[in-house]
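K.L.:
Top line first, the protein sequences correspond to chains A and B. Quick note: the first sequence uses this note's numbering, first residue 4, plus one each step. Quick note: the second sequence uses this note's numbering, first residue 138, plus one each step.
If you are wondering where the hints come from, they were derived from the structure by calculation, not from laboratory data. Each hint should be verified, as a subset may be incorrect.
Derived Cβ-Cβ restraints for the label pairs, each shown as a range [claimed, not checked]: (1) A:GLU270 / B:ARG226: 42 to 52 Å; (2) A:ASP34 / B:HIS212: 43 to 53 Å; (3) B:LYS232 / A:ILE93: 37 to 47 Å; (4) B:LEU246 / A:ASP17: 21 to 31 Å; (5) B:HIS212 / A:GLN140: 37 to 47 Å; (6) A:GLN140 / B:ASP163: 43 to 53 Å; (7) B:ASP163 / A:GLU141: 42 to 52 Å.
Stretch by stretch, here's where chain B covers chain A in the computed footprint (C-beta under 8 Å, at least three residues) [as the list claims (entries may be wrong)]: (8) 20 to 34; (9) 133 to 146.
Ideal Cβ positions, reconstructed from N, Cα and C, are used throughout, including at glycine.
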Amino acid sequence: MSSNETIKIFIVEDDPVYLKFLNYVIGLNPDHEIKTFSNGNDALNALHERPSIITLDYSLPDKSGEEILKEIKEFDSNIPVIIVSGQEEIGIAVQLLKLGAYDYIIKDEETKERLEYALTNAKRNINLVNEINTLKQEISEKYEFGNSIIGNSPAIKKVFDLMKKAIKTNITISITGETGTGKELVAKGIHYNSARKKKPFIPVNLAAIPKELVESELFGHEKGSFTGAVTRRIGRFEEASGGTIFLDEIAEMDLNLQAKLLRVIQEREVSRVGGNSIIPIDVRLLVATHKNLADEVKKGNFREDLYYRLLGLPIQLPPLRERDTDIILLAKHFLSSFCSENDLGDLSLDRETQEKLLRYHYPGNIRELKSVIELSAVMSNHNVILPEDINFNSPKSEENFTYQELSLKEYNDRIIDHFLKKYDNNVLKVADVLDIGKSTIYRYLKEKTT
Amino acid sequence: MESVDRNGKRITDLSYLVSICGDDDDFKTEMIETFLKNTPPLINDMKNYLIESEWKMIGDIAHKMKPSFTFMGIHSAKDLILSIEKQGRMQENIKEIPTMILELESICLGAFAELETELIQE
């Protein structure tokens, strides 16, 4: 609802004089479409017409304002209900506000101003709620499997299958994979496709928080519980109430805190640092790490009991180099997104560029591919990305050659193959460059064809 | 011509109503007409409940009448109507209620006369 859109307002009032007054005051704004009711039941029966705001008298002939308010809230808790009443008893006002009334206005000589103010605020609130719902919907669509995780390689299809299983229950999910493989994307994909999608998704990167602050970050703290705790703070677990918490880099968690996390998972309750009260939590847990947790257990860095608690449904994300043609799909996706975001027009990938992209091993995985493609789009002088526009600058690129564990013969073959391609299968030239006999190359070629 | 109460003062004061509607005389007229149509039956209801000693109902009617008296600026009835509401609902000092209702009726009759004159002058 934008500020100029018509909004439907129900006025529920049995006093004809007051009904006329409310109708007049609210109707002064031409954007208000008003419907009046002189009793509660008629108003309740018309709720299917979806009013944006309701003004409700407390004393009606058929039902009390309290009963009507409860029924409206049961129908749709988001409809702001402004009580306009002659009741001046503070207890009644408090009770109705506790039941979810948006405002309580007493019928006196200031009613007009108070009502206008309450309506303005209610409309602003409706706009915010609508905006939040739209954003939630957009996020939800963004993280639909097909939209967020791109690929059709067998390796990624396995991940999709596991994610589909993951969304059906609340089982803990442990996501592992090299850096840049999209662990958080998978976590978001699971959350935004699960029954908890309308509740918060709270990601916490444990490697990015100073160790001494992790406990407070996760579980919150009470005012004065430590130096610097000047106010009470709600922890991430409480913040994720009803939704999902994603603990990234779980292997980095300190052993002492691991014991506390284990207790939280087992008891489903948290206690703020420096606090005595126990707060029950309803949170789904997703964890991720680029390390092998089982190895960390063996090394004594990770508690075995917590390891089994967290294992749940394990999802191992494949490194990009094992995702075959997904590399090209992803590259095209990143190129198209980048061009569109930066008004660069349409750019495409030359065939040789695609081959070059496929030959690389991507130690930084998808994150690295994205960065390489974006840089190539900037560097390109044509509407086609050429091989020379592609620059792999990974600090790990020296590992490119040895990223796979091959035999010496296999490495030799790979080197020969590389130079044969480079010098258009000119055996003499390659033999000269590599300082080997041409017979070695012929032998290699013969083996390759048999 | 202004009508006045026994003390020579006007009973109604439409300044609050005018502050709401400005120079929208149609709305002002509608409000006065609705008040004139709606209030006499309520006073009759009060008197009927008096016969049946239905004190709470009398209190509820007084409560319902209260806001419209604000629009017509019948300030002299404000405390009276509050007492009828409170004593009726709490069933306290019920012996005073009949007299208070008669007094309210008397104020209202004066107010009706003033408002009818107001309508004629419109």
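K.L.:
Next, verify each hint and record whether it holds.
P.N.:
To see whether the hints hold, each was checked on the structure:
1. Separated by about 51 Å at the C-beta atoms, GLU270 (chain A) and ARG226 (chain B) satisfy the suggested range of 42 to 52 Å.
2. For ASP34 (chain A) and HIS212 (chain B), the Cβ-Cβ distance of about 36 Å falls outside the hinted range of 43 to 53 Å, so the restraint is violated.
3. About 30 Å separates the C-beta atoms of LYS232 (chain B) and ILE93 (chain A), a value inconsistent with the hinted range of 37 to 47 Å.
4. Distance hint check: the CB atoms of LEU246 (chain B) and ASP17 (chain A) are about 24 Å apart, consistent with the given range 21 to 31 Å.
5. Roughly 54 Å separates the CB atoms of HIS212 (chain B) and GLN140 (chain A), a value that falls outside the hinted 37 to 47 Å.
6. Distance hint check for GLN140 (chain A) and ASP163 (chain B): the Cβ-Cβ separation is about 45 Å, which falls inside the suggested range of 43 to 53 Å.
7. In this structure the hint that ASP163 (chain B) and GLU141 (chain A) lie 42 to 52 Å apart at CB holds, the actual value being about 48 Å.
8. With 6 residues having a beta carbon nearer than 8 Å to a beta carbon of chain B, the segment 20 to 34 of chain A meets the requirement of three or more and the stated coverage holds.
9. By the rule of at least three residues with a Cβ nearer than 8 Å to a Cβ of chain B, the coverage given for the segment 133 to 146 of chain A is violated, with 0 such residues.
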